[in-house]
Each structure stands twice: as structure tokens, then as C-alpha cells.
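Participant: So the protein lines, in turn, are chains A and B. The first sequence: position 62 = 62 (my numbering), numbered continuously. The second sequence: position 291 = 621 (my numbering), numbered continuously.
Certain hints may be false.
With a Cα cut of at most 20 Å, we get these calculated SDA-like pairs of lysine to any residue [what the hints assert, rightly or not]:
1) B:LYS451 <-> A:ASP285
2) A:LYS126 <-> B:LYS451
3) A:LYS298 <-> A:ASP285
4) A:LYS91 <-> B:LYS553
5) B:LYS545 <-> A:THR122
6) B:LYS632 <-> A:TYR152
7) A:LYS150 <-> B:PRO542
8) B:LYS553 <-> A:PRO62
9) B:LYS451 <-> A:MET308
10) B:LYS451 <-> A:GLN83
11) B:LYS553 <-> A:TYR152
12) A:LYS302 <-> A:ILE271
13) A:LYS150 <-> B:LYS451
14) B:LYS451 <-> A:ASP76
Output of the computed footprint for chain B on chain A, the stretches with three or more beta carbons under 8 Å from beta carbons of chain B [to be verified]:
15) 81 to 91
16) 110 to 122
A short, non-exhaustive set of chain B residues, derived as facing chain A with CB atoms under 10 Å [unchecked claim]:
17) THR345
18) ARG452
19) PRO455
20) GLY529
21) ALA538
22) GLU543
23) LYS545
24) HIS550
25) ASN554
26) PRO565
Hints listed in this document are in silico derivations from the structure and should not be mistaken for laboratory results. Model, not experiment: these values are computed from the prediction. Cβ coordinates follow ideal geometry from the N, Cα and C atoms, glycine included.
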Amino acid sequence: MSGELLKIDDLHVSFFTPAGEVKAVNGISYTLEHGKVLGIVGESGSGKSVSANALMQLIPYPGRVTEGQITFDEQDILGMPIQDMRKLRGKEIGMIFQDPMTSLNPVFTIGNQLVETLMQHTDMTKAQAFERGVEMLKLVGINNPEQRMKQYPYEFSGGMRQRAMIAMTLSCEPKLLIADEPTTALDVTIQAQILELIKELKDKINSAIILITHDLGIISDLCDEVIVMYAGRIVEKGSIDDIFYRTAHPYTQGLLRCLPRLDSDDKDPLIPIEGTPVDLVALPDGCAFASRCEKCLKLCLKHQPELMQINEGHTSACWLHAIEKQEVGA
Amino acid sequence: MAKFIVRRLLSAILTLFVVATLTFFLMNMIPGGPFNTERATQKQIAALEKKYDLDKPLFEQYLTYMGKLVRFDLGDSFKRLGYPVNKIIGEKFPVSAQLGVVAILLSVIIGIPAGTYAAFKRNKPIDRVLMFVTTLGMAVPNFVMATLMLVLFGVTLGWLPTLGLSSWKHFIMPAVALSLNPMCYIARLMRSSMLDVLGQDYIKTARAKGLPERKVLFKHALKNSIVPIISYLGPLTAGILTGGFVVEKIFTIPGMGKFFVESISNQDYPLVMGVTVFYAALLILMNLIVDLVYGVVDPRIKYE
Ligand SMILES: Nc1ncnc2c1ncn2[C@@H]1O[C@H](COP(=O)(O)OP(=O)(O)O)[C@@H](O)[C@H]1O
Ligand SMILES: [Mg+2]
Chain A
1 MSGELLKIDD LHVSFFTPAG EVKAVNGISY TLEHGKVLGI VGESGSGKSV
51 SANALMQLIP YPGRVTEGQI TFDEQDILGM PIQDMRKLRG KEIGMIFQDP
101 MTSLNPVFTI GNQLVETLMQ HTDMTKAQAF ERGVEMLKLV GINNPEQRMK
151 QYPYEFSGGM RQRAMIAMTL SCEPKLLIAD EPTTALDVTI QAQILELIKE
201 LKDKINSAII LITHDLGIIS DLCDEVIVMY AGRIVEKGSI DDIFYRTAHP
251 YTQGLLRCLP RLDSDDKDPL IPIEGTPVDL VALPDGCAFA SRCEKCLKLC
301 LKHQPELMQI NEGHTSACWL HAIEKQEVGA
Chain B
331 MAKFIVRRLL SAILTLFVVA TLTFFLMNMI PGGPFNTERA TQKQIAALEK
381 KYDLDKPLFE QYLTYMGKLV RFDLGDSFKR LGYPVNKIIG EKFPVSAQLG
431 VVAILLSVII GIPAGTYAAF KRNKPIDRVL MFVTTLGMAV PNFVMATLML
481 VLFGVTLGWL PTLGLSSWKH FIMPAVALSL NPMCYIARLM RSSMLDVLGQ
531 DYIKTARAKG LPERKVLFKH ALKNSIVPII SYLGPLTAGI LTGGFVVEKI
581 FTIPGMGKFF VESISNQDYP LVMGVTVFYA ALLILMNLIV DLVYGVVDPR
631 IKYE
């Protein structure tokens with residue numbers, strides 16, 4: 001399959017809190033093709049989860065989409081009545097979350113939660129759904145699946161729970177899988193296993209995947225395209241190579257400096273980005289990253305840079321590019 | 331599990347022993363005696379006290395009482411001469427319990443959905459109204475409610491009978507009066523517990539799976555948020571089953587509530603002891619049931 005599966009156009013999401021309007025997502029646009037993997041990276045609080053939740057109309061109270069359009073499989077997501085949305089949730093769009101210790105309901109068995117999903121979206125009988133559940137657990141590498149179906153989440157380790165979550169989410173063969181920091185809460189070794197599993201499954205299920213993470217390191221061998229977010233905006237977008245080797249935006253450069261490198265010894269210090277993320281209630285007129293940017297210009301404080309083309313398929317929102325371009329042109 | 335229950339029963343016996351002992355000595359420390367209030371002569375009082383062994387040393391009386399207690403004999407009432415306390419409880423408790431069960435069902439059946447609904451509609455007008463009404467409902471003492479209903483529905487409108495418990499219609503007013511406070515409390519408890527649970531990740535998972543809201547609320551959220559209600563139901567049940575004194579009095583219901591109060595003002599020692607030990611036993615039993623129900627609700631709870 002090819003062609004466009006998802007198109008997000010100028011999405012804005014705000015939370016209307018007593019402290020003011022928290023502008024969590026401020027005009028992001030991207031498209032995703034069938035079967036492709038999109039990585040979304042950014043520090044925590046940059047609006048990754050909120051923008052992903054919007055795809056399922058799952059923005060929690062007191063949040064609301066204030067502007068923009070989301071088209072999934074030629075359907076208008078935001079204008080869709082909730083009943084229709086529920087038919088997409090879990091069936092066409094599946095979502096797995098950060099913390100597998102809390103994202104499964106502690107008082108129902110794994111089997112119950114798997115069967116429930118299947119019975120909601122297919123006309124399988126309970127027995128058929130159970131069979132399918134067992135198959136799915138086997139697929140994600142859980143031993144003794146029949147027995148495991150009858151166990152409760154507390155009887156699973158963190159990694160096993162995340163496997164079960166993945167099994168549940170993929171059981172209805174969604175066209176889009178959203179994985180919101182699926183490994184952040186896990187040990188490093190387990191993280192690698194889960195990522196390996198997602199990579200393996202990616203080829204078997206041919207869903208498109210949105211992989212959200214704050215750790216650029218983990219997505220390098222999974223994603224076709226990467227979006228870097230800061231303060232609810234896309235600051236850079238490109239292929240893995242664009243992001244890693246032809247890095248354009250100072251924020252992305254900062255993120256990369258935070259990563260341990262294979263080709264350096266441990267003595268090289270990891271450099272965190274200085275400063276704290278911007279206040280989303282009072283966003284500056286200029287670039288939101290300006291106050292933390294080493295290369296900040298006067299211009300950056302006053303005017304918001306738009307995404308500019310760097311290369312084919314590689315864009316970045318930084319005034320430096322405009323200046324460079326002008327110099328090259330002159 | 332069996333081991334757990336046996337252990338709990340052993341600790342229950344110990345608790346009852348302590349309760350009985352404390353009550354016995356405290357009761358005897360209250361000035362006066364069971365026969366002093368009546369217009370009896372010194373001589374008559376002495377004779378009565380002798381008859382009931384009240385002239386013996388206190389510790390000896392205590393041993394005699396405990397000896398009977400272990401054989402489930404609560405002795406005879408002093409006030410209603412020759413009337414065994416066992417018989418009083420046996421006759422009056424079922425009356426109170428009947429009414430109590432209706433009142434508890436009423437508070438649970440209305441309180442839980444109301445609280446759930448309020449949580450679901452958080453900060454919307456209907457939630458505000460429910461919270462206002464329940465605050466009011468918790469503040470109004472049950473005898474005020476009982477009296478108001480009695481006057482309005484019983485006397486003025488004449489819709490409902492006001493005396494006793496002889497038909498289902500008789501249950502309406504006393505049960506509503508008894509259930510008002512706990513119902514409102516349950517609704518509020520349920521709301522806050524539900525709000526807490528609705529913020530949990532597994533609720534987001536349930537919604538992301540495409541489950542209808544009804545299933546999210548009444549399957550995924552309810553089972554998790556019901557735990558505080560279960561804890562509250564233990565002591566509540568013990569309290570309500572043994573009778574609301576004032577409500578029973580207002581509607582002339584021959585229940586146990588009256589004996590709780592009168593036994594103390596009359597210093598009817600065996601009756602005080604009897605109802606106290608009985609109430610304590612009921613409370614312990616209810617708490618044991620609560621602990622067992624926890625296990626049904628939450629699989630993580632193990633009985634060891
Ligand atoms: N329930 C909420 N109420 C108020 N603000 C929220 C809520 N959820 C998220 N936000 C705001 O949205 C911002 C982005 O959140 P999120 O998308 O979860 O970040 P992340 O990139 O770490 O996933 C947060 O910094 C926060 O200010
Ligand atoms: Mg997040």
C-alpha cells in the first residue's frame with residue numbers, strides 16, 4: 001500500500017486552565033504515508049503526546065483543538081461524531097503508552113482486556129477472540145500465552161506488560177500505530193528488546209507507525225522520517241540522515257549533543273541544553289527557542305521563523321537558514 | 331484464605347474479650363446502679379442487688395458474666411425482669427436489620443451512580459447541583475428529615491403510613507430518612523474516587539481502544555473506584571443494621587435502636603453489655619466481609 005494515510009494541517013491545541021490558556025500545540029502540519037514510520041522527538045512538554053492524542057480526539061479536559069484539520073484515511077477526524085471516532089479508535093488507530101505498569105487495568109486479566117478490544121471491533125465470539133488473543137501474545141514473544149491470558153497485569157514484568165499492550169493494540173490490525181514513548185519507563189535492556197519487537201512487527205503488520213520519544217538515540221534505525229518539536233511547533237523535519245548528519249536547527253543540534261556517542265569514550269561529557277522550556281501560557285513573539293539558543297539573533301526575539309526548505313524533504317524553522325541563503329545568493 | 335479467616339476469627343475473639351471487659355468495668359464505674367432510680371426503699375434495693383449478685387465483689391461478678399458470655403448467654407435484663415437479653419436482641423435485631431438493609435441498598439443504589447455521574451460531568455451544572463444537594467443531605471440530621479417527611483407525607487398529605495413496618499409502604503419514610511446521610515456521603519466519596527481513577531492511564535487505554543463511555547465508566551473505572559465505598563460500607567452496615575434510634579422512635583418501629591439508648595440511661599447492666607458485645611461482633615464481622623470483598627475486587631490482594 002502506498003499513498004497518504006494521515007494529514008495534519010495547522011493543528012493548534014490549548015488547555016484552558018485557571019492560570020491561562022496553555023498553548024500546547026501551535027500549528028503543526030505533517031503527512032504520513034501508509035506503512036511508513038514517523039518519529040516525533042522533543043524534550044518533555046514539547047507537545048508530542050498532546051498532538052498525538054488529538055489524532056484520536058483524546059485530548060483530556062480542559063484541553064481542546066482550537067484550530068486545524070486532521071485527515072485520516074480520507075476522513076475528517078476532528079469533525080467526526082464521537083460514535084464514529086470510537087469505531088476508529090483501537091481498530092484503525094491503535095495507541096500504546098509510556099508506562100506499561102499503569103496503562104493496563106490492574107483489576108482485569110490480560111485476556112479479558114485483549115478479548116474486550118477484539119469483541120468491540122470485530123464480530124468474533126468470545127472463544128475466537130480468546131484464540132486470537134493467544135496468537136497475538138505469541139506474536140509479541142510471550143511464552144505460555146494460554147496461561148498468561150488468565151493472569152493479571154501485576155503478574156507480568158514491565159517489559160512483558162508492554163508486550164501485552166502491543167499485542168492488544170495490534171490485535172485489530174490498525175492502519176496506524178501510535179507509540180507514545182513506549183520504552184521510556186523501561187530498563188535499558190528491555191527498551192532495546194521492545195524496540196527490536198516493534199521493528200520486527202513493523203514488517204509483519206504493515207501499519208504506519210508514529211513513534212514518539214524524547215530520546216533521539218532510540219529512533220535512528222526505525223524511522224523513515226523524523227519531526228523535531230519544540231514548544232508545540234515543528235522546528236525541523238527530515239529523514240534520519242538529515243536529522244543526524246545534516247542537522248539544521250540549533251535545537252536539534254542541542255538534542256544530539258545530549259546523546260552518548262558510540263565513537264567517543266565516556267570521558268566526553270554529555271551536554272544538556274541550557275535553560276528551561278518556554279512558558280506555554282505566554283509564548284514569546286519570536287522563536288520560542290531563542291532564549292536558550294547559542295546563536296540567537298535580535299531578529300529571533302521579535303519574529304517567528306517559519307519552516308524553510310533546506311533540501312528536498314528537509315525543512316527547518318530558524319532565521320539562520322534565511323541568512324545563510326541570502327549570503328549564498330549574494 | 332482459610333488460614334486468613336481463622337486468624338481473623340481468633341483476633342475477633344480477642345477483640346470481643348477486650349470490648350466486653352472494658353465495657354463491664356466502665357459501666358460499673360458510672361455512679362448509681364440499675365435499681366437506684368426507681369422509687370424503691372433501701373431494703374428493696376439491697377434485696378434486688380443480692381438477687382442479681384450485685385453485692386458480690388466486682389471481679390467475681392465479672393468472672394460470672396464472662397463465664398456465661400462464652401456460652402453465648404447474655405443474661406437477663408434488669409429492667410424487664412426475667413426477659414433474657416438474647417431474646418430481646420433476637421426479637422428486635424431482625425426488625426432493625428430489615429429496615430437497615432433497605433436503607434443501605436437505597437444509599438448504595440442511588441449514591442454510587444450519582445457519584446459516578448457527577449464525576450463524569452465534572453464541573454458541569456449537573457455536577458454542581460449534585461454536590462450542593464449532597465452537601466445539604468449530609469448536613470441534615472436524619473431525625474429532621476424523618477420529622478419533615480412524617481409531617482408532609484404522613485400527616486398533611488396522608489400518602490404514607492407512619493406507624494411500624496407492616497407493609498412495603500411503611501418502609502419508605504424510615505428507610506429514606508436513614509439512608510439520606512450515607513447516600514450523600516457515598517455519592518461524594520464515589521465522585522472523588524472516580525475522578526481519581528478517571529485520571530489513570532488505563533482509562534486512557536480503555537478509551538483509546540474504542541470502548542463506549544458506558545463501558546469505560548462502569549467496567550474499567552467502577553471496579554477500581556469502588557474500594558473506598560466498600561471500606562465505608564463495613565462500619566456503616568453495622569451501624570445501620572442495629573437501628574437508628576431516633577428514626578425508629580419517630581416512626582414507632584420496634585427495633586433495637588431504642589434499647590441501645592435506654593439500656594444506658596437505665597443502667598441495665600446485662601442489656602448494656604449485651605448490645606455492646608453484639609454490636610462489636612457485628613462490626614468485626616462486617617469488616618471481615620469488607621476485607622474478603624476487597625479480594626474479589628482487586629486481584630492483587632492476597633490473604634496470607
Ligand atoms: N491536562 C493538561 N492540563 C493542562 N496542560 C496540559 C495538560 N496536558 C498537557 N498540558 C500541557 O501541554 C504541554 C505538552 O504536553 P505533552 O504533549 O504531554 O508533552 P510531551 O511532549 O512531553 O508529550 C505540557 O507542557 C503542558 O503544559
Ligand atoms: Mg508525552
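Participant: Is LYS298 of chain A within 20 Å of ASP285 of chain A, Cα to Cα?
Facilitator: Holds: LYS298 of chain A and ASP285 of chain A sit about 12 Å apart, inside 20 Å.
Participant: So, as I understand it, the hint says LYS545 of chain B touches chain A; can you test that by seeing if any CB pair is closer than 10 Å?
Facilitator: holds, 8 Å
Participant: Quick check: do three or more residues in the stretch 110 to 122 of chain A have a beta carbon closer than 8 Å to a beta carbon of chain B?
Facilitator: holds (count 4)
Participant: Regarding the hint that GLU543 of chain B lies at the interface with chain A, is the smallest CB-CB distance below 10 Å?
Facilitator: Nearest chain A Cβ about 8 Å off; hint holds.
Participant: Can you verify the interface hint for PRO455 of chain B: is its Cβ closer than 10 Å to any Cβ in chain A?
Facilitator: violated, 15 Å
Participant: Quick one, are LYS451 of chain B and MET308 of chain A close enough, alpha carbons at most 20 Å?
Facilitator: With a Cα-Cα distance of about 45 Å, the restraint between LYS451 of chain B and MET308 of chain A is violated, given a limit of 20 Å.
Participant: So, ASN554 of chain B near chain A? Judge it on the closest CB pair being under 10 Å.
Facilitator: holds, 6 Å
Participant: Need the status of pair LYS91 of chain A, LYS553 of chain B: alpha-carbon distance at most 20 Å?
Facilitator: Given that 20 Å is the threshold and the Cα spacing comes to 25 Å, the pair is violated.
Participant: Quick check on the hint: GLY529 of chain B CB to chain A CB, less than 10 Å?
Facilitator: holds, 8 Å
Participant: Need the status of pair LYS451 of chain B, ASP76 of chain A: alpha-carbon distance at most 20 Å?
Facilitator: violated, 27 Å
Participant: Are the Cα positions of LYS126 of chain A and LYS451 of chain B separated by 20 Å at most?
Facilitator: Since the Cα atoms of LYS126 of chain A and LYS451 of chain B sit roughly 33 Å apart, the hinted pair is violated (cutoff 20 Å).
Participant: CA of LYS553 of chain B to CA of PRO62 of chain A, is that 20 Å or under?
Facilitator: With a Cα-Cα distance of about 25 Å, the restraint between LYS553 of chain B and PRO62 of chain A is violated, given a limit of 20 Å.
The structure shown violates the earlier hints numbered 1, 2, 4, 7, 8, 9, 12, 13, 14, 17, 19 and 26.
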